[in-house]
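Peer 1: Residues per chain, in single letters:
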Amino acid sequence: MVTKKLNWTHLTISTVTLAVIFTVFQYLIARQLIDVYYQINLFMLGINIILAVSLNLINGFTGQLSLGHAGFMSVGAYTAAVMTTKLGYSFAIGIGAGCLAAALMGLLIGIPTLRLKGDYLAIATLGFGEIVRVVFLNIEYVGGASGLIGIPQLTTWTWLFVSVVVTVVVIQNIVNSSYGRACISVRENEVAAELMGVNTTKYKVLAFTVGALFAGLAGGLYAHYFFIIQPGTFGFFRSFDILVMVVLGGLGSTTGAIVAAAFLTVLSAGLQSFPEVRMVLYSVVLIITMIYRPQGLMGNKELSFRTFQRIRGDKNGPVVNREPV
Amino acid sequence: MARLSTVNLCKSFGGLSAVLDFSMEIGDGELIGLIGPNGAGKTTVFNLITGVYRPDSGSIIFNGQNITGKKPYYICKQGIARTFQNIRLFNGLSVIDNLKISFHKDVPYQLVSAILRLPSFYRGESWIEERAIQYLEIMNLADKREELASSLPYGEQRRLEIARALATNPSLLILDEPAAGMNPLETQELTNLIRKLKDNFNLTILLIEHDMALVMELCERIYVLDYGRAIAQGTPEEIRNNPRVIEAYLGEEVG
Amino acid sequence: MYEFFQQMLNGVSLGSIYALIALGYTMVYGIINLINFAHGDIMMVGAYVGFFSIAILGVGVVPAMVFAMLACALLGVVIEKLAYKPLRNSTRIAALITAIGVSLFLEYATIWLLTPQQRSFPIGTFPEKNYYFFDQQLVLTNKDLFVLVAAVALMVLLQYIVKHTRIGKSMRAVSQDMEAAMLMGINVDKTISYTFAIGSALAAAAGVMVGVYYNTIDPLMGIIPGLKAFVAAVIGGIGIIPGAMMGGFVMGILEALVSGYGSSLYRDAVAFAVLILILLFKPTGIFGKDTGEKV
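Line by line, the protein sequences give chains A, B and C. First residue of the first sequence? That's 1 in my numbering, and the numbers climb one at a time after it. First residue of the second sequence? That's 1 in my numbering, and the numbers climb one at a time after it. First residue of the third sequence? That's 1 in my numbering, and the numbers climb one at a time after it.
Only chain A is shown next, with the shape it has when bound in the complex (with noise of 0.2 Å):
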């Protein structure tokens, strides 16, 4: 008799580190004792996890290259700040129409493009991020070239550290479950999952727009803590940026792309000075990580309690073996 169930010892240990990182963080912040450009990159680094970690059901475990995640991050970025800035409604308020709006813009975009396959598809969601980026340009109501300006910063450590968990948290539960494999099993092979009675279209579209719905979360948060948007903000690069952590953190592995978007947030503010240099390291990482280890750096696994458990115990296996039982 098999019996899943609750692991109360592995969720009082998260609840307990969690709750610890959020309160020394919170003190550090409310003493000032963090100046504030170690406070923006934590803020900065907080929005990548989620942009990263929502990225990654769709390219990572479904196996589907967007390449216009930046794109359903300024449409929750721009649909947060009016409804907030010119509209007069709360945060939450406008935090929730943000992703809701994302979301509804992933599935619109997500059931016609995803009968395309592979690199087509990845072409798609670069035009539609693209396209979203010029109707915000040509859009005087939300300031065009020169951005929306004036947003309250409202975005405060605990809505980002909350927004956080709920992403991995959400991302995880449903990665961890039949509706999870469902997504995988597209990724592995499509004409086996459609016959053993996956509706594959589903699935795209269902990864298409939560991950939409996160990336336009982490829109609204980055909208109201940066005090402006602007359509450049969200071009290309920054799908390219998020992809970036994904790859190389491993297709399919929540925590790889957490650890990735962390590493990387630390090293492109280690070399804001000089953007070019950025950018030359980020793609000859990008090329060498595809030639050499494709799967990305932990590939599919996941760093959990049983890795930590098996580096204590077995000092000469393998650090990261399998995924948890």
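Worth flagging that the hints you see were computed from the coordinates, not collected in a lab. A hint or two may mislead.
To be verified - Below, simulated DSSO-like cross-link-like pairs (lysine-lysine); rule was C-alpha separation at most 27 Å, straight line:
| id | chain 1 | residue 1 | chain 2 | residue 2 |
| --- | --- | --- | --- | --- |
| 1 | C | LYS143 | C | LYS129 |
| 2 | B | LYS70 | A | LYS202 |
| 3 | B | LYS70 | C | LYS282 |
| 4 | C | LYS85 | C | LYS163 |
| 5 | C | LYS282 | A | LYS202 |
| 6 | B | LYS70 | A | LYS117 |
| 7 | B | LYS144 | B | LYS70 |
| 8 | B | LYS71 | B | LYS144 |
| 9 | A | LYS202 | B | LYS198 |
| 10 | B | LYS105 | A | LYS117 |
| 11 | A | LYS5 | B | LYS144 |
| 12 | B | LYS198 | B | LYS70 |
| 13 | B | LYS198 | B | LYS71 |
| 14 | C | LYS85 | A | LYS117 |
| 15 | B | LYS70 | B | LYS105 |
| 16 | B | LYS144 | B | LYS198 |
| 17 | B | LYS71 | A | LYS117 |
| 18 | B | LYS77 | A | LYS117 |
| 19 | B | LYS71 | C | LYS282 |
| 20 | B | LYS196 | B | LYS77 |
| 21 | B | LYS196 | B | LYS105 |
| 22 | B | LYS71 | B | LYS105 |
| 23 | B | LYS105 | A | LYS5 |
| 24 | A | LYS202 | B | LYS105 |
| 25 | A | LYS202 | A | LYS117 |
| 26 | A | LYS202 | B | LYS71 |
| 27 | B | LYS144 | B | LYS196 |
| 28 | C | LYS282 | A | LYS117 |
| 29 | C | LYS81 | C | LYS163 |
Starting from the known structure of chain A, fit chains B and C onto it as the hints suggest.
Peer 2: Leaving out everything else, chains B and C in the frame of chain A:
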């Protein structure tokens, strides 16, 4: 009542007829073979029945329901499952996860329960896992449940594919060259297995096979395809002696 | 009415540039099924080589174009050997991501080495002459003429190479079936190298033309024309050489009409809208045939 019937199926690719006016009737509980030289259109027939291709004309009736032109996942839900000539497993997944995907069409909990980890999620996952293990035990793969599908030896990959198809709970099982690449001993085991499965699961089976010994021993009736047309059908005995079949297979050994 | 013809004329010369770039996309795709994202950036490198040839060596436009073509042919071969060849048997997504990486590498390495500033071709490189027709209603510049003539000449040359030379035959054979070509004794690696060399040389020529046409070049100049040329290749049916030429002209004319009659701000969005529509309704392009996946 016929379990499956195809009526005047036609399919061409770029002007080339792959299947032409193919009609077939399979009764409940029958074990039917589909044979023919290479390129005769056998796999195309399978692809038409399972919805991978849409027929140019003709119709497919399964359990009294017209399934012509329906999507593969829908047809699977109606109770047709298949294996592939060139194995198509979910290579990056463990053996048991390969099986679990087959239960997705009957997933007993909602997406929301999965996200919120409600009790119905844990109950549903337990149900899926138990069922998956049952099928692995039947196919002698239970001790390999955590291994990657791609790391299994060839014969076990074939068995896993059959297990995965069975797990969708079909009434019609379609096997595309199940014995390909097997030695005589393995083929004999496979023959016994197919018989056992048919009885235990109350299956109707349709198979393509080049191994004539297997086909002749196992099948109750045989359809012969050549250049996309059915040139003969009948019991193994009738097929063995049919001059048109011998002509189509000229140079190949029959029986 | 004259306005319309004027836009058509502008469209045709712009289109011939897109067509040249599109040819490279289509040839590479035809042979190794890879969208060579870096192709637009090879065009940019070509423009820079042309620029330095004129500004530093003081040669004329035509020799500058030849230098650019030679340099980029070499660049294309090197990129293929270093970045794409190791990935020939991996997934298409891996190859596509690599191509995006190469594209960004070329762009930012150029910015790093040569600064992001725009550069203008030296004055007098191409003394402008205008020819007027119909009571000055219709203008044809010698730049238009130069671009059109050079592009058509290169396309004719390409047709000759593909149809009548050994290497052209190998290219066609490899694009039909790489393994069969290998078994027939065709040197596949060499054929792929030649394909990259020829495609990149055409892009370089287009780069110099863009430099002459708009008079300014910058490290990111390859992105938008590259994408539009890609759209052109898709319109014509990717992998099909005459399709790419046609697609290029279609894109050029469409763009000229949109900027002439609509908003020039939307002209880039229109290109992508066309792309998405084509992909949805006729993903194999106008000249392409449907071939389903074999199961």
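Peer 1: Any hints this thing doesn't respect? Which numbers, in order?
Peer 2: 7, 8, 9
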